[in-house]
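Turn these sequences into a full structure, and let the hints steer you where they fit.
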Amino acid sequence: MPAVHGKDSINVSVKLIIALLVSISILFIINVIFFYMLSNDIEASILYTSTVLFDSIGVNGEDYFLKSLSTSSPLFAYLFIIFIIDGLAKIIFIGFLFAAFIDIISSLNIRDRIFSVFLKKTKNHIIICGYSKLANNLIKELEKKDDDFVVIDKDLEKVDILRNEGYKVIYGDFSRKDVLMKAAIERAKAIIFASKNDMANLFGIVTAKHLNKKIYIIARATEPSYITKFERAGANKCIIPEEGIAIDMYKYITNVIK
Amino acid sequence: MNKKEKKVIICGYGLVGERLSEMLSKHNYNITIIDIDPKALQKAKDMGYNVILGDATHATVLEKAGIKNADALAIALDDDAKNLFVVITARDLNKKIYITARATDEFVKDKLLDAGANYVAMPQKVASEEILNALG
Numbered sequence: 001m002p003a004v005h006g007k008d009s010i011n012v013s014v015k016l017i018i019a020l021l022v023s024i025s026i027l028f029i030i031n032v033i034f035f036y037m038l039s040n041d042i043e044a045s046i047l048y049t050s051t052v053l054f055d056s057i058g059v060n061g062e063d064y065f066l067k068s069l070s071t072s073s074p075l076f077a078y079l080f081i082i083f084i085i086d087g088l089a090k091i092i093f094i095g096f097l098f099a100a101f102i103d104i105i106s107s108l109n110i111r112d113r114i115f116s117v118f119l120k121k122t123k124n125h126i127i128i129c130g131y132s133k134l135a136n137n138l139i140k141e142l143e144k145k146d147d148d149f150v151v152i153d154k155d156l157e158k159v160d161i162l163r164n165e166g167y168k169v170i171y172g173d174f175s176r177k178d179v180l181m182k183a184a185i186e187r188a189k190a191i192i193f194a195s196k197n198d199m200a201n202l203f204g205i206v207t208a209k210h211l212n213k214k215i216y217i218i219a220r221a222t223e224p225s226y227i228t229k230f231e232r233a234g235a236n237k238c239i240i241p242e243e244g245i246a247i248d249m250y251k252y253i254t255n256v257i258k
Numbered sequence: 001m002n003k004k005e006k007k008v009i010i011c012g013y014g015l016v017g018e019r020l021s022e023m024l025s026k027h028n029y030n031i032t033i034i035d036i037d038p039k040a041l042q043k044a045k046d047m048g049y050n051v052i053l054g055d056a057t058h059a060t061v062l063e064k065a066g067i068k069n070a071d072a073l074a075i076a077l078d079d080d081a082k083n084l085f086v087v088i089t090a091r092d093l094n095k096k097i098y099i100t101a102r103a104t105d106e107f108v109k110d111k112l113l114d115a116g117a118n119y120v121a122m123p124q125k126v127a128s129e130e131i132l133n134a135l136g
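Respectively, the protein sequence lines represent chains A and B. Heads up: the first sequence begins at 1 in our numbering, then just goes up one per residue. Heads up: the second sequence begins at 1 in our numbering, then just goes up one per residue.
The hints are simulated quantities; they were obtained by calculation from the structure and are not laboratory data. One or more of the hints may lead you astray.
Label pairs and their in silico Cβ distance ranges [unchecked claim]:
1) F107/B / E157/A: 16 to 24 Å
2) M199/A / N133/B: 40 to 48 Å
3) D112/A / E63/B: 56 to 64 Å
4) K96/B / T222/A: 29 to 37 Å
Note that the structure is a prediction, hence the values are computed from the model and not measured. Idealized CB from N, CA, C, for every residue including glycine.
Quick look at the structure:
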């Protein structure tokens, strides 16, 4: 994730610089237009006057420059400085302040914090590790049964989709202790490892068993050789969806052709 | 009275195909396996099944496996599109055959049924039922 964040920051900076350059150019053009309108009162060339005014802003030399202009010109120059440059500075300043504020809020992860406070009250829930097609099917079934459940996934896109649908989701690797703790594993009644990744499931089983000895562990395996490994690690039930399919097809065939 | 041996063709000798043929063979079904992978097919041959090497989406391969006089066809390839292809081809070749296929989601299930499958099995549905039973 840090790599993506870094790339985003670079993109933002480049956009900011471009925006600043465009704003300055627009101001310079406005400046030139106004001086052009007042050109009868000044002797120097319009472009030169504009450049000197821009250059003298914020520097003591501006007073000297302004004095050299005729009576009507300094008024415009003062207004220009006060209203436009000052305004622009304020907008930039407020913009930066606002961006920093948003950055602080997003780094605080308020959504996650509120969620973890909410989870503190959760007990006897089911934890679903890995948002696979199997997990999706399970979620729909558990919802019908009014069972309380939490989903863990390390794919931010999937996490966002589920959160927007109103599910309780934790972003992270389910084989990690801190992530399982966030899901209040010590008070959960069951945990289901629904991922297609056998190794991740195995790690998850070991971690879950370590954190809660009483939890009921169900794990999905992609091949029969993993079942003994899962059981040895502490799984109470192992499932191979493909075997279920074979049984389902067998039942159908033996039923229709006897 | 001698019961006529029923003929079942299984497309794909992966985990599903292997388990299914294992269960069916115990009940005296005549099993023919179609697979594109010679290694998988050798395994099936060693088990004593009839084997056909080739792509089950091709009509010629299905014909070679004897689809015209088979009683049932189980399609257990792990690709929804291929399964759909086999269903369409098989239904064209034999109007009476019982076709069962696997699908990864509801959307595909409907397509397979529309294409001519009689029964569609979905791994995640079967597995979640099993999980829910275990949870009680």
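Query raised in the report: Which of the listed hints are not met by the structure?
Result: 2
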